[in-house]
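Just so you know, the sequences run in chain order A and B. Residue numbers for the first sequence follow the numbering used here, beginning at 33 and rising by one. Residue numbers for the second sequence follow the numbering used here, beginning at 33 and rising by one.
Note that these hints are calculated values from the structure, not bench results. Predicted, not measured: the structure shown is a model, and the values here were computed from it. Beta carbons: idealized from backbone N, C-alpha and C, even for Gly. Don't take every hint at face value.
To be verified - Simulated DEER-style distance windows between Cβ atoms:
(1) B:D492 x A:E455: 30 to 38 angstroms
(2) A:G413 x B:D88: 39 to 47 angstroms
(3) A:D358 x B:E228: 54 to 62 angstroms
(4) A:S395 x B:D492: 55 to 63 angstroms
(5) A:G413 x B:E385: 29 to 37 angstroms
(6) A:D88 x B:Y493: 50 to 58 angstroms
(7) B:D88 x A:P468: 49 to 57 angstroms
(8) A:P478 x B:E277: 52 to 60 angstroms
2 protein chains.
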Amino acid sequence: MNQLDKIYAVILAGGSGTRFWPLSRDTLPKQMLKIVGEDTLLRQSVRRLNGFIPLDHVFIVTTEKLAQDIKTHLNVFGRNANQIKVIKEPCGRNTAPAIGLASIYVRKMDPEALMLVMPSDHLIKEVTKFENDVRMAIEGAEKDYLVTFGIQPNKPETGYGYMKVKEEPVPGLTLKKLEKFVEKPDRETARSYLEEGNYFWNSGIFLWKVSKIIREFERYMPQLYRGLEIIGESLGTENERERIETVYSEIDSLSIDYGILEKSHDVLTLQASFDWSDVGNWPALDDVLDHDSHGNIIRGNAIGLDNHNSIIFGSDRLLATIGLKDMVIVDTPDATFISPKERTQEVRKVVEELKKNGKEEHSVHRTVERPWGSYTVLEKGDRYKIKRIVIKPHEKLSLQIHRHRSEHWVVISGTAKVTRDNESFFVNLNESTYIPVSTKHRLENPGRIPLQIIEVQNGDYVEEDDIERFEDDYGR
Amino acid sequence: MNQLDKIYAVILAGGSGTRFWPLSRDTLPKQMLKIVGEDTLLRQSVRRLNGFIPLDHVFIVTTEKLAQDIKTHLNVFGRNANQIKVIKEPCGRNTAPAIGLASIYVRKMDPEALMLVMPSDHLIKEVTKFENDVRMAIEGAEKDYLVTFGIQPNKPETGYGYMKVKEEPVPGLTLKKLEKFVEKPDRETARSYLEEGNYFWNSGIFLWKVSKIIREFERYMPQLYRGLEIIGESLGTENERERIETVYSEIDSLSIDYGILEKSHDVLTLQASFDWSDVGNWPALDDVLDHDSHGNIIRGNAIGLDNHNSIIFGSDRLLATIGLKDMVIVDTPDATFISPKERTQEVRKVVEELKKNGKEEHSVHRTVERPWGSYTVLEKGDRYKIKRIVIKPHEKLSLQIHRHRSEHWVVISGTAKVTRDNESFFVNLNESTYIPVSTKHRLENPGRIPLQIIEVQNGDYVEEDDIERFEDDYGR
């Protein structure tokens with residue numbers, strides 16, 4: 033039996049990072065952004081496994097809040113997307129509980145499984161090297177070690193945690209033993225690490241036997257272990273969600289590094305051969321994206337004069353800049369962020385402020401992806417809201433009712449099939465229809481090209497939560 | 033007879049300055065912006081005359097392109113607005129032709145008239161002082177002098193032209209003689225001007241007898257003079273516009289300073305007692321607007337952390353800034369501008385670039401004022417355009433037809449009266465109607481509150497110039 037048949041991948045995708053606001057939002061965290069490479073970081077993470085771990089061996093751990101959006105996000109993989117299992121945490125509790133929860137699902141699939149854990153929001157371009165490194169790590173995992181993937185530093189980075197590796201080899205093993213984890217160093221310490229050569233960046237990628245990591249949970253995080261076993265008994269039963277919620281309400285938030293890897297005696301470190309970036313903040317893009325001749329990274333509808341070493345992310349709107357140096361400018365349809373590079377990490381304060389003041393700009397974008405397509409809020413007023421709605425061919429929205437608003441629909445491309453109370457009819461290009469308040473209705477694209485409609489809502493209350501769903505193709 | 037009865041005011045409003053882009057546009061130049069004070073600079077300029085020059089003695093000189101918008105802009109003065117005469121230049125030719133053209137209109141009203149010339153886009157807050165200074169200038173004008181208003185410098189400004197005044201008084205006059213105009217100085221020269229005390233900023237405000245300035249045109253700008261007399265003969269006849277166009281196609285572009293005031297021997301300078309600013313660029317706002325405790329000027333939907341000495345003009349969209357120093361940020365619904373203060377004058381290069389590339393963002397705003405109200409383009413696509421249209425109570429759009437688009441209208445506030453072919457009907461809140469292509473139609477607000485409709489246009493061509501007008505309350 034091929035060793036690879038026993039590997040299950042666990043992709044951690046619960047992060048709701050604010051560091052890329054306003055591009056990232058509560059409902060569209062960094063892993064779902066297309067900031068580096070041809071696709072989003074999450075989809076790149078899934079594709080990276082292509083060829084050596086089949087999709088039915090892939091688990092994605094995320095929060096309940098993000099789960100539906102993540103499933104929608106994976107629709108690009110077509111009918112195979114359903115093979116990926118999405119594990120829902122009631123809320124984020126850092127990596128130890130997330131990995132713990134995943135481990136009992138993996139064990140249920142195969143008690144002998146190997147478990148490859150990786151973040152969903154890091155960048156690895158060299159897929160073949162990655163695959164080779166995983167194969168190399170199997171040797172250690174098979175011998176009941178926890179294998180961490182270390183990245184050889186190429187600069188004195190102060191933003192990463194480091195792992196110090198023991199110089200003397202372990203008899204009979206290619207991989208070396210981890211000596212200790214080291215917190216983010218200051219610049220001088222980082223320089224010395226770079227010189228010494230046995231310090232590696234902690235990539236957050238791990239490989240181990242599922243049986244081994246569960247034994248280590250039992251030993252070093254017994255409270256979490258007991259919770260996991262309680263959940264484990266319920267897997268596949270009607271009690272599963274309830275058990276998970278109860279356990280999560282009681283467990284601590286802790287990283288796998290602190291909870292297990294610093295304590296375990298059986299940790300090896302593999303020196304990864306691939307380039308890697310955690311794409312941790314806006315300035316990190318300088319390491320992974322191409323620059324123009326003045327050191328700028330420029331995207332979108334931007335016009336610039338004499339800018340230097342700046343990151344300028346425009347949107348459809350025009351962004352005009354002159355004489356910028358070491359700045360970050362990020363424009364989105366409803367919010368723009370401007371800061372010197374060295375201070376972009378303070379963006380979280382902005383996001384906190386927005387949350388505190390009940391503003392929406394931290395949580396949702398003007399355009400929201402849905403399983404059936406997407407909608408864009410063109411304008412929201414006191415008693416009205418205007419949306420452009422795009423429905424993919426052969427998809428349909430849920431059968432629904434609104435208690436506080438009526439809706440006018442005008443078709444601007446494609447053909448709509450509309451259900452309204454007991455009637456059903458077609459609305460063609462340049463035709464319109466009307467859904468009165470408290471009327472059951474459904475919107476559907478029966479055609480082969482995207483259906484676009486303009487929706488004008490009128491009512492006392494025009495928020496998204498005024499919706500009762502009766503039937504839904506997407507189980508919402 | 034009161035001397036003031038003979039004064040006519042000429043407000044020069046042809047400027048299409050780009051220095052306040054993206055707030056200013058081709059169709060909404062600086063004089064029509066509300067950047068300083070309670071109202072737009074143009075309307076402040078008109079109000080400044082309130083009490084000593086009646087509106088039927090006020091001329092506004094502007095370009096044909098801007099004339100309709102300027103008339104709409106003056107609607108706030110109610111039925112009196114019609115008393116203001118708007119003189120249309122075929123195109124801008126600097127101040128000498130504009131003043132020359134106005135002078136023959138003024139002469140026709142009263143050959144003995146005094147003519148007070150002033151820019152439309154400068155800031156003077158102290159209206160009483162201004163009025164007193166005008167009264168003082170009359171003395172010189174009555175004695176056949178050209179009186180220029182000089183501003184006592186309070187700092188070594190390098191952005192203004194200066195006027196040097198002769199120390200020795202003219203026998204029998206309070207005002208002193210102008211010795212010469214001086215170009216914008218460098219910092220050191222400006223400092224010496226400030227010390228010497230007989231240098232004044234050129235405010236562009238002048239007072240003279242219309243007969244005197246016309247004599248000076250005859251003497252120093254004979255070509256322009258001949259053109260003006262040709263136009264003069266046609267005033268009030270059907271040939272008037274044609275004559276103006278012919279003359280304007282041949283005359284040179286020149287300022288009144290170079291053309292007349294530098295050459296004339298009869299120029300006096302009044303030392304103005306009022307504070308003044310030409311509000312010439314973004315950093316000039318620092319002189320005339322209040323700052324927060326960190327020296328920032330902040331407007332609109334902005335959230336900022338630790339910014340210093342920056343000008344941050346937000347719009348409805350969220351603008352988040354961190355750690356800015358001496359920056360200018362200007363956000364509008366369709367364009368954002370970002371630059372260090374010291375380089376904002378280069379914004380004209382951005383505007384040139386936009387023009388060259390046929391972009392719209394230099395010329396129109398997303399919201400466009402109309403005599404009957406306004407419209408805002410919410411989105412424009414390949415074959416559709418969505419607008420929110422606001423019609424003021426008792427106003428109506430022209431009776432019109434579109435050859436390439438049909439329109440769906442949904443009322444989101446107020447009540448609409450719609451004319452479509454031969455029928456006429458009301459469309460109430462939350463109702464809709466449809467105007468097919470090539471159908472004569474008219475939209476009207478018969479009510480007492482603003483009517484708002486959402487218009488969804490469908491068609492091969494959805495530009496503003498697809499319109500044939502049949503009847504129009506506003507003579508378009």
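Tested hints:
At roughly 32 angstroms, the beta-carbon separation of B:D492 and A:E455 lies within the given 30 to 38 angstroms, and the hint holds. For A:G413 and B:D88, the hinted distance range of 39 to 47 angstroms is satisfied, since their beta carbons lie about 41 angstroms from each other. Restraint check, A:D358 to B:E228: a C-beta distance of roughly 43 angstroms breaks the suggested window 54 to 62 angstroms. Roughly 39 angstroms separates the CB atoms of A:S395 and B:D492, a value that falls outside the hinted 55 to 63 angstroms.
The supplied range of 29 to 37 angstroms is met by A:G413 and B:E385, whose beta-carbon atoms lie about 35 angstroms from each other. Checked against the hint of 50 to 58 angstroms, the pair A:D88 and B:Y493 passes, with Cβ atoms roughly 52 angstroms apart. Our hint of 49 to 57 angstroms for B:D88 and A:P468 holds, since their Cβ atoms are close to 55 angstroms apart. Checked against the hint of 52 to 60 angstroms, the C-beta distance between A:P478 and B:E277 comes to roughly 59 angstroms, which is consistent with it.
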